[in-house]
Amino acid sequence: KAGVTQTPRYLIKTRGQQVTLSCSPISGHRSVSWYQQTPGQGLQFLFEYFSETQRNKGNFPGRFSGRQFSNSRSEMNVSTLELGDSALYLCASSLGGPLAYEQYFGPGTRLTVT
Amino acid sequence: GENVEQHPSTLSVQEGDSAVIKCTYSDSASNYFPWYKQELGKRPQLIIDIRSNVGEKKDQRIAVTLNKTAKHFSLHITETQPEDSAVYFCAASKSSSASKIIFGSGTRLSIRP
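Taken in order, these protein sequences are the chains called R and W.
The opening residue of the first sequence carries number 1 in our numbering; numbering runs sequentially from there.
The opening residue of the second sequence carries number 1 in our numbering; numbering runs sequentially from there.
Errors might be hidden in some of the hints.
Derived DSS-like pairs: lysine-lysine, alpha-carbon spacing no greater than 27 Å straight-line [stated by the list, open to error]: (1) Lys-71(W) to Lys-57(R); (2) Lys-22(W) to Lys-100(W); (3) Lys-68(W) to Lys-58(W); (4) Lys-57(R) to Lys-42(W); (5) Lys-68(W) to Lys-94(W); (6) Lys-42(W) to Lys-22(W); (7) Lys-94(W) to Lys-57(R); (8) Lys-42(W) to Lys-13(R); (9) Lys-71(W) to Lys-58(W); (10) Lys-57(W) to Lys-94(W); (11) Lys-57(W) to Lys-100(W); (12) Lys-57(R) to Lys-100(W); (13) Lys-57(R) to Lys-57(W); (14) Lys-58(W) to Lys-94(W); (15) Lys-71(W) to Lys-22(W); (16) Lys-71(W) to Lys-94(W); (17) Lys-100(W) to Lys-58(W); (18) Lys-42(W) to Lys-58(W).
Residues from chain R that keep clear of chain W, each with C-beta distances beyond 12 Å, as calculated [said to hold, decoys possible]: (19) Thr-7; (20) Gly-16; (21) Gln-17; (22) Ser-22; (23) Gly-28; (24) Glu-52; (25) Phe-64; (26) Ser-65; (27) Arg-73; (28) Glu-82; (29) Gly-84; (30) Phe-105.
None of these hints come from the bench; they were simulated from the model.
For clarity, every value in this text was computed on a predicted model and none was experimentally measured.
All residues carry an ideal CB built from backbone N, CA and C; glycine is no exception.
Throw the hints in and build the complete structure from the sequences for me.
Printed below as a string of structure tokens:
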């Protein structure tokens, strides 16, 4: 099976702009979670989508949003970018059912905000 | 709130020796504890996990132990090799929000030749 893929791999944006990141899960996986990784804050949970619905949410401001399509692909959007949004954004997919905990990560999108 | 603490933040061991990384969690409802290895510039990879109904799990040179009473869990790597050098993350989640994984801050493990 192909692994989790993310596009684009690198992005440079200017403060105030918005950005959309994409994640394609492993075939058959219905859950997609998003994480932000920074040197200072480590790996932090943003949100999770399952069957096109947000099922879990972390403690990030409303500028961070997401959605999931019927084929389980997910997008994450960040509006009004701030310098502090510079990070590696990772998505992870899992089967999503009860007790199906194992998550598999994509390679990440490196976002730089200038 | 939910929190996972991880120690040490850096660890250097001689090749062939053992390495131990320790974590504590705050949410007593947590029942799934994965460990991820992240090599430089690469994605985190699941190396081993343990569920709360098990006290210990082993996979070749890697083992994880869980003490539910103390809310502690640990990763043990024996006979360390250069390819074990990486950042290791412990994590916890619970069945009511299984896909919301709370990560520890990471341990940078270096293997000295």
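Outcome of the hint check:
no.	hint	verdict
1	Lys-71(W) to Lys-57(R)	24 Å, holds
2	Lys-22(W) to Lys-100(W)	21 Å, holds
3	Lys-68(W) to Lys-58(W)	18 Å, holds
4	Lys-57(R) to Lys-42(W)	25 Å, holds
5	Lys-68(W) to Lys-94(W)	13 Å, holds
6	Lys-42(W) to Lys-22(W)	23 Å, holds
7	Lys-94(W) to Lys-57(R)	14 Å, holds
8	Lys-42(W) to Lys-13(R)	22 Å, holds
9	Lys-71(W) to Lys-58(W)	19 Å, holds
10	Lys-57(W) to Lys-94(W)	19 Å, holds
11	Lys-57(W) to Lys-100(W)	22 Å, holds
12	Lys-57(R) to Lys-100(W)	8 Å, holds
13	Lys-57(R) to Lys-57(W)	30 Å, violated
14	Lys-58(W) to Lys-94(W)	22 Å, holds
15	Lys-71(W) to Lys-22(W)	11 Å, holds
16	Lys-71(W) to Lys-94(W)	13 Å, holds
17	Lys-100(W) to Lys-58(W)	25 Å, holds
18	Lys-42(W) to Lys-58(W)	25 Å, holds
19	Thr-7	14 Å, holds
20	Gly-16	29 Å, holds
21	Gln-17	26 Å, holds
22	Ser-22	16 Å, holds
23	Gly-28	15 Å, holds
24	Glu-52	15 Å, holds
25	Phe-64	15 Å, holds
26	Ser-65	17 Å, holds
27	Arg-73	16 Å, holds
28	Glu-82	22 Å, holds
29	Gly-84	18 Å, holds
30	Phe-105	4 Å, violated
Figure legend: structure checked against the earlier numbered hints; hints not met, in rising order: 13 and 30.
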